[in-house]
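Undergrad: Given chain Z, work out where chains X, S and P should sit, using these hints.
There are 4 protein chains.
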Amino acid sequence: MSFQNPVFIPGPTNMPEDVRKACDMPTIDHRSPLFGTILQPCLENVRKVMKSDSARIFIFPSTGTGGWETALSNTLSPGDTVLAARNGMFSHRWIDMCQRHGLGMHVVETPWGEGIPAARYEEILTADKEHKIKAVLATHNETATGVRSDIGAIRRAMDAAGHPAMLFVDGVSSIGSMDFRFDDWGVDVAVTGSQKGFMLPAGLAIVGFSERAVAASRTARLPRTFFDIADMGRGYAANAYPYTPAVGLMNGLKYSSGLLLEEGLEAVFARHHRIAEGVRRAVQAWGLQLCAADPSLYSDTVSAIRTPEGFDATSIVAHAAERYGVAFGTGLGEVAGKVFRIGHLGSLTDVMMLSGLATAEMCMADLGLEIRLGSGVAAAQEYYRSARAGALKAAA
Amino acid sequence: MSFQNPVFIPGPTNMPEDVRKACDMPTIDHRSPLFGTILQPCLENVRKVMKSDSARIFIFPSTGTGGWETALSNTLSPGDTVLAARNGMFSHRWIDMCQRHGLGMHVVETPWGEGIPAARYEEILTADKEHKIKAVLATHNETATGVRSDIGAIRRAMDAAGHPAMLFVDGVSSIGSMDFRFDDWGVDVAVTGSQKGFMLPAGLAIVGFSERAVAASRTARLPRTFFDIADMGRGYAANAYPYTPAVGLMNGLKYSSGLLLEEGLEAVFARHHRIAEGVRRAVQAWGLQLCAADPSLYSDTVSAIRTPEGFDATSIVAHAAERYGVAFGTGLGEVAGKVFRIGHLGSLTDVMMLSGLATAEMCMADLGLEIRLGSGVAAAQEYYRSARAGALKAAA
Amino acid sequence: MSFQNPVFIPGPTNMPEDVRKACDMPTIDHRSPLFGTILQPCLENVRKVMKSDSARIFIFPSTGTGGWETALSNTLSPGDTVLAARNGMFSHRWIDMCQRHGLGMHVVETPWGEGIPAARYEEILTADKEHKIKAVLATHNETATGVRSDIGAIRRAMDAAGHPAMLFVDGVSSIGSMDFRFDDWGVDVAVTGSQKGFMLPAGLAIVGFSERAVAASRTARLPRTFFDIADMGRGYAANAYPYTPAVGLMNGLKYSSGLLLEEGLEAVFARHHRIAEGVRRAVQAWGLQLCAADPSLYSDTVSAIRTPEGFDATSIVAHAAERYGVAFGTGLGEVAGKVFRIGHLGSLTDVMMLSGLATAEMCMADLGLEIRLGSGVAAAQEYYRSARAGALKAAA
Amino acid sequence: MSFQNPVFIPGPTNMPEDVRKACDMPTIDHRSPLFGTILQPCLENVRKVMKSDSARIFIFPSTGTGGWETALSNTLSPGDTVLAARNGMFSHRWIDMCQRHGLGMHVVETPWGEGIPAARYEEILTADKEHKIKAVLATHNETATGVRSDIGAIRRAMDAAGHPAMLFVDGVSSIGSMDFRFDDWGVDVAVTGSQKGFMLPAGLAIVGFSERAVAASRTARLPRTFFDIADMGRGYAANAYPYTPAVGLMNGLKYSSGLLLEEGLEAVFARHHRIAEGVRRAVQAWGLQLCAADPSLYSDTVSAIRTPEGFDATSIVAHAAERYGVAFGTGLGEVAGKVFRIGHLGSLTDVMMLSGLATAEMCMADLGLEIRLGSGVAAAQEYYRSARAGALKAAA
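Chains as they are written, first to last, in the numbering used here: chain Z, 321 to 716; chain X, 321 to 716; chain S, 321 to 716; chain P, 321 to 716.
One chain only, chain Z, in its complex shape:
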């Protein structure tokens, strides 16, 4: 019997019952007015989740990777230069995509586990007197290392340098789970997908464009058709879509984004923080270290946990799947074999998380690591108990 245990991968997440039902729709005519009752709330809710008053939202039947391509191909031209930091597998892949699109790259190599160095960005932008750099990339939450970078600091660095480049932020594993401020941070393109904070199956690239980014699209010369925002957005006001939309997923997005707004974004973020902090307490109790180099960098959606030297961290993931039917995430790229990852975003409870921690303990013990069974669980229990009790007091 399968599908019984929750998943603890950093997305796709566990899905709320009613979100699944919203996705599972009979066929409708997407050219009928009914489609507008799905499209328009999606656009409005997503904009609110991104904390923007004015971002143009576009929703593609694709994934976050398609969202990256949307950001680049709509705003840049062959030969343009892009500034980016490489501090994990996902920032690496976005850089790779730039290169394959013929863009010039200014890459700041950054230790995996560190955040994006805003000061270094400021130096580089200040030195770019000719403004060859057209776009600055920032991976808000590096899913590979569990590191959350400070996007506000990057905006301040850009402003301090007085540089006109656009700011593109990969918010795939942050938007809808951790604070994301499109307007406050002066984001020009924000990219996410359906399968993380929105708690849906994979299948949608969700992007927000600032007016400036939309304006840039009018002259950008990278080729694009499927991901062209002009085609995509042209008919939105009339509820038209340039090709067949993924109606069920969008109905799910309408529903799940509504859930987030109803709960309140700050409450959603606090919930993710609480569950994540319990995981971190467990890691500490196990005597292990996070990949993230500093508490200021800790991600509330995924924790990458370093295992002792000489131990293959990936074996934990394989063993958990095979022996206990539980899914964790492996280390990727530079940290492959060195970390395993626990996803703690989306539709999750303290109670579900405790079963993940208990399973991790069993796996580590089975594989010979010196872990006291129940130790991490106890640390998380203690934290969850006090956080719950504290929340009640605060509400009283």
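Errors might be hidden in some of the hints.
Stated by the list, open to error - Straight-line distance between alpha carbons at most 25 Å, and here's what the computed DSS-like set of lysine-lysine pairs gives: (1) S:K341 with Z:K574; (2) Z:K341 with X:K341; (3) X:K341 with S:K368.
No wet-lab data here; the hints were simulated from the structure.
TA: Only chains X, S and P this time, still in chain Z's reference frame:
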């Protein structure tokens, strides 16, 4: 967001994904041959799950309580005497039903936490020279106390007494989860429902009748119409049903009984035993006692756990629901306030069970019991690890 | 590929998408407050659908047949006399149930196709000076013949006779689809099920009791346990249920009864009338007769259609299922082989109905009846067009 | 109450019950072996549905439009020339995409309603002595006009010209519904989506590449990342995917492609032909013309029906939606207002189709066209009856 955590009540159980889908059927014409493709496998699979070659199976749109009424009203006449032991709330209710149907009762009052005293049954039956006792009731698994009685011993007592009474067994919380031997034990009527070992929503009374019990129905004079087995079974061979069947639930039963048989009944029982034993290890680690008086009585589907004198056990259940969104069972009747119950039957994994144990620990600590967080979890983890490893070795 | 075509049986009906989803629930603890959020709206909505301010509603995991037994066994005692008319298979079965419960019967044999003769009831009741008749039965809509009787006339007959008998109405195939007035008609017990006007799977008996019927239950001596309304209703105020409720079905009932009330009962009745009238126009165009003897008796939920002498009407039903995958109803009892039935209740549209009529035409032609293809469809189309256009004009 | 009537648009289609359930999956770890049990059958089944022994299949979270881009961007380089015929909106859009990717176009303007002129292709290819033309585009089934072109004839034209260009076929509204012969026709890239013959929600681009097309991708210089087949296919053998796959849709594809193969492709094609022919008989009975200029061009998945001069065909579609809750397709581009379209592909029965035809009749009559109600229905009924009877005879 609700429905996220598994339930830990002693039924209805958590349901496998595909069983839910099997229940969620479009409307069919239950008078068409399609219905036969559902009815016949249900009858055959249920018979196999009861370990019988010849039992007549009847499936009513009702519950286990309706199954009790089916047993009595089809086989007995006003004034008949019934022998039963009262050792928990569910045996108590069946006795009450007998009385309300005008049957004479010979009740063996038994401490709650003890099993049915087969020796006492033998004495009584031996003394009943005139064979006024027409039926012997036995609650295989007392859901209220977590006590499994020895039905084989009761059959041996009846045989030793040379008494011709029929044997009626309430297998509501045992059939499909713990070993049940209709033929070997000479059971005349077995009663269960859909929402326990069969992992379905409530809504079906499922009963098995021996040839002898069917014969008794021809002369039994208690009034019955809805629960009349003659009406119910008359058209089965032609796939007919005396009124509108609960087709979706029966399609679910076809599927879930198929799952049990595919896994193998002994493997199903071993799985329930493993998960239950982990719970018992946790209880021991907490320094608490089970309601069941002796290890030979321990139920593999539900554990009733005594809390210290002066502590209201029901507060754990209320607190778990309110604070953590987790459902446990309260104590009922004589043991109300004295025990709380953890259900561990149906669609459950070691991993899910650990989250239930972790929650119980948090609740007990929140409510002031001296429980070391993680202690029960650790004991269960240790057991689950070794049981899993042992199973692998055994298979090798 | 199955399940594609709608069914045209007189229940279970086609189900609305969202009603199916409401039924398909994860397991909850039915002893938690969550259950109250399902139970209470069910009780209140059902009462409104029955047009009563004060009826006590009880919901059993059973079927309409169980509802009949609930009506009888809670209010009557052995030897009581019951007055009933037999004018179809379902009134026949209720009469049979009375007899099997040891009740004395005063049966008014009525031609199948006629309604209940209120004048005859009045004569009989007037003659019953000693008030031996305790209950008057009335099948509001005879599903076997497509005949709707006039319950208001029966109440007037009872009043004219000055007779104190209780009035029990079988509203299984009328409540929620055709006008039913519990209070206005002075109904004492109303019986229905989940699978007709409520558009749910079978599995619930839904009954309403007047205060007088509840009072009668305190002294009634027919044996009852599963169907005892005292047990059933005792805990309702505290959201308690005497055994495990069929939670998913009840959640569906909450939802579907809410749909009916939201649409407005008169609009629901008008919709059923419109669809039914289209069917009747088709029957007329085919040159066939309804079983119902007079237009005042025409049912808006099912039409029983007489086929020519010497033709086996049942062959249409078998052929439709086998050749075209469409379900109609056969004739039952006295009209077996003489009629076939088209159900037109529940979740149905004009458009769906037209496919049913078109299929009936193909079947009749295939089997050699002289039917002009498209003739009945055209008559129904004409009616639906004008009814739709008229509704728009009326709304303007 | 919505979602009750089937849709009659040329995709997305009505979905089989079990296909919807296959799509509605809990989250799994797409990096676990479980994903392989979904991916591999998808690849193998799709290949079989395309009638190829060797095509490489790639499945993108996208739509047919993304499939077009995949075909072009993986095989061509800036400045390459492409030959295409424009005979409808969808061929027009693919041509437009080529132009936006900087490809040189040789467009054969073709009356909408005509098929692709193979002879003209041969002339052009013969004249292209320098082989500047690298790819020949062919829209197998023009969804806008209901015209099926002869791909075999195009292959023969290419061979007759001795031209080495690759052959790219848009099979979006043909594959899985009408005969498609990847190998026999020497197709190099075939493009389809999930929401037509595969009866799934939109959200997958499904493409097949010949070895030659794969070889071309190694040197093709159009930029591509999301749609790069090298990235996409690299890990397939190890069940790896370059980004997060749309697992649920793929599970649906595994299931629905399995259904097609189980039914047998020729039976699937015959079923589509039968339902389509019924529609054509109705159109004839109405005295109307198809947009398709010749019976040899008639599509078995969609019929575009010309309405009389001066009548706005789109009003039928709007009226059907508003008055009867039924979805038809409007005319697009050159034939906007001149035709309305009836889709008849995917999960559909004769019976469902008859309700669509009956609705079209009501709409046309409501809007003042001289249509005899029931006339088209009768013509279709007659055809369906004889086709069904004939099929039975043939099977006997």
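Undergrad: None of the hints should be skipped; say for each whether it holds.
TA: Checked hints:
| no. | hint | result |
| --- | --- | --- |
| 1 | S:K341 with Z:K574 | holds, 18 Å |
| 2 | Z:K341 with X:K341 | holds, 12 Å |
| 3 | X:K341 with S:K368 | violated, 32 Å |
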